[in-house]
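Build out the structure end to end from the sequences listed, making use of the hints.
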Amino acid sequence: MLVLKQFKLFLTDLPSPVNLNSMYNFGSMLGLVYVVQMVTGLLLSLFYFVDLSGGYESVVLIMKDLSYGWVVRFMHSFGASVMFICVYLHILRGCLYSGVKMQVVWLTGVFIMMVLMGIAFMGYVLPWGQMSYWGMTVVTSMLGAFPLVGGLITGVLWGSYTAGVVSLSRFFSLHYVLSFVMGGLIALHLLVLHNKGSSNPLGVFSGGDKILFSPSYSFKDSLGFLVVLFLYFLGVFYLAYTLMDETNFEEVNFMSTPVHIKPEWYFLFAYCILRAVESKLGGVILMLMAVGVLAVFGCVSVRCSGSLVVYGINKILIMVWVVSFVMLVYLGGLGVEYPYSGLSVVFTLAYFTCILMLSLVGWLL
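In the working numbering, the protein residues as written are 1 to 365.
What the hints contain is simulated information worked out from the structure, not anything from laboratory work.
Some clues are possibly wrong.
Below, simulated DMTMM-like cross-link-like pairs (lysine to aspartate or glutamate); rule was C-alpha separation at most 25 Å, straight line [unchecked claim]: (1) Lys220 - Asp209; (2) Lys64 - Glu250; (3) Lys64 - Asp51; (4) Lys196 - Asp221; (5) Lys64 - Asp221; (6) Lys280 - Asp209; (7) Lys196 - Asp209; (8) Lys64 - Glu251; (9) Lys210 - Asp221.
Using C-beta positions, here's what the derived DEER-type ranges look like [what the hints assert, rightly or not]: (10) Leu190 - Val345: 37 to 45 Å; (11) Asp65 - Met289: 39 to 47 Å; (12) Val149 - Leu223: 27 to 35 Å; (13) Tyr176 - Trp70: 18 to 26 Å; (14) Leu46 - Asn19: 44 to 52 Å; (15) Ser218 - Tyr330: 32 to 40 Å; (16) Asn19 - Leu226: 17 to 25 Å; (17) Val346 - Ser141: 21 to 29 Å; (18) Phe146 - Phe230: 41 to 49 Å; (19) Lys210 - Met319: 16 to 24 Å; (20) Thr353 - Gln103: 47 to 55 Å; (21) Asp65 - Tyr241: 29 to 37 Å.
Built from N, CA and C at the ideal position, the CB exists for glycine as well.
Okay, structure coming up:
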């Protein structure tokens, strides 16, 4: 009874600000997507195996021989895109509506995003297609650029002198285990959030003007669930192959590299930043800082009064930041050639400049 009482207090009887809008739906939508990803991932793990040739044959088995295996696989692969769409919009909402001022909540959220990106990258390797293998080889070899520890990190990930089947086994294990670790981090994120209460679009204290979460916000969240289910329906039955690279349908060829190596779309912004710098170590550091700079943003902007979006200069900075992010995603999918390489440098500078200026403005206001 005590557990049920705490559960009810945590979810349905939670005091919430009266002016939460639809941008606050992405947290609950992420919860639904996480559950779907865990269920479909567990089902896929029952039939996925790594043999001497890798994991390509097991993917073919799941797609062709298992009853509705193709549905489960498409739900899991397209669900990763749905999750990252919700994550990026969730972060944007935090930037717009003073969520960044809740320092501990923001920092735990940034850490969850880092773990999520690691999980997604490992999952991208598991089909063991041509693009999966060479994308993994290129990105992990970049970690060897770190002085002293770079070779150790690469060796632990590869498990050998080169990336191969041993690496695939390690990535599968980490992909499986870290998914549960992320669940614990999500619980911590919610615990910290509900300890102090949610932010609101105005970014002001709302302790004297709150309502119970249920039924008003429960109904509003259910509409977000319908959007997620609709996206899954589109992804499984109409857009299943749209976000997949055609090169990844080829089995690994260790003697031939693809003409243009690129990861999934949700990594393209970081991949574009990596390529924008000629220095190998500098590119890796900037790639990691593409997400790490959000933690700096959360540590510096706690002094601002009200939501960042109420200040005119912040609206412009956030708009330029979003445009820079979208352009980095677009340019990351193109070849390293003129004029795309030059534009990558421009939008990389714009991306980091906007975040740092937002941090400075938030600290001064």
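Now for the hints, and whether the structure bears them out:
1. Only pairs whose Cα atoms come within 25 Å are accepted, and lysine 220 paired with aspartate 209 is accepted, the gap being roughly 19 Å.
2. Note on lysine 64 and glutamate 250: the hinted pairing holds, with a Cα-Cα distance of about 16 Å set against a maximum of 25 Å.
3. Annotation: proposed proximity of lysine 64 to aspartate 51 holds, straight-line Cα distance about 18 Å (limit 25 Å).
4. Among the hinted pairs, lysine 196 with aspartate 221 is consistent with the structure: their alpha-carbon atoms are about 21 Å apart, no more than 25 Å.
5. Between lysine 64 and aspartate 221, the direct Cα distance comes to roughly 36 Å. Violation of the 25 Å bound is thereby established for this hinted pair.
6. Only pairs whose Cα atoms come within 25 Å are accepted, and lysine 280 paired with aspartate 209 is rejected, the gap being roughly 52 Å.
7. At roughly 15 Å between alpha-carbon atoms, lysine 196 and aspartate 209 fall within 25 Å of each other, so this suggested pair holds.
8. Among the hinted pairs, lysine 64 with glutamate 251 is consistent with the structure: their alpha-carbon atoms are about 16 Å apart, no more than 25 Å.
9. For the hint pairing lysine 210 with aspartate 221, the CA-to-CA distance comes to about 17 Å; that is within 25 Å, so the pair holds.
10. About 39 Å separates the C-beta atoms of leucine 190 and valine 345, a value consistent with the hinted range of 37 to 45 Å.
11. The beta-carbon spacing between aspartate 65 and methionine 289, approximately 45 Å, falls within the hinted interval of 39 to 47 Å.
12. Our hint of 27 to 35 Å for valine 149 and leucine 223 is violated, since their Cβ atoms are close to 48 Å apart.
13. Roughly 21 Å separates the CB atoms of tyrosine 176 and tryptophan 70, a value that falls within the hinted 18 to 26 Å.
14. At roughly 46 Å, the beta-carbon separation of leucine 46 and asparagine 19 lies within the given 44 to 52 Å, and the hint holds.
15. Between serine 218 and tyrosine 330 the beta carbons are some 38 Å apart, a value that agrees with the proposed interval 32 to 40 Å.
16. Asparagine 19 and leucine 226 have their C-beta atoms about 23 Å apart, which keeps the hinted 17 to 25 Å range intact.
17. The hinted window of 21 to 29 Å between valine 346 and serine 141 holds, with their beta carbons roughly 27 Å apart.
18. In this structure the supplied range 41 to 49 Å holds for phenylalanine 146 paired with phenylalanine 230, their Cβ-Cβ distance being about 43 Å.
19. Here the CB-CB span from lysine 210 to methionine 319 is close to 31 Å, at odds with the stated 16 to 24 Å.
20. For the pair threonine 353 and glutamine 103, the supplied restraint of 47 to 55 Å is violated, since their beta-carbon distance comes to about 23 Å.
21. Checked against the given bound of 29 to 37 Å, the beta carbons of aspartate 65 and tyrosine 241, roughly 19 Å apart, lie outside it.
Checked against the numbered hints given earlier, the structure breaks hints 5, 6, 12, 19, 20 and 21 and satisfies all the rest.
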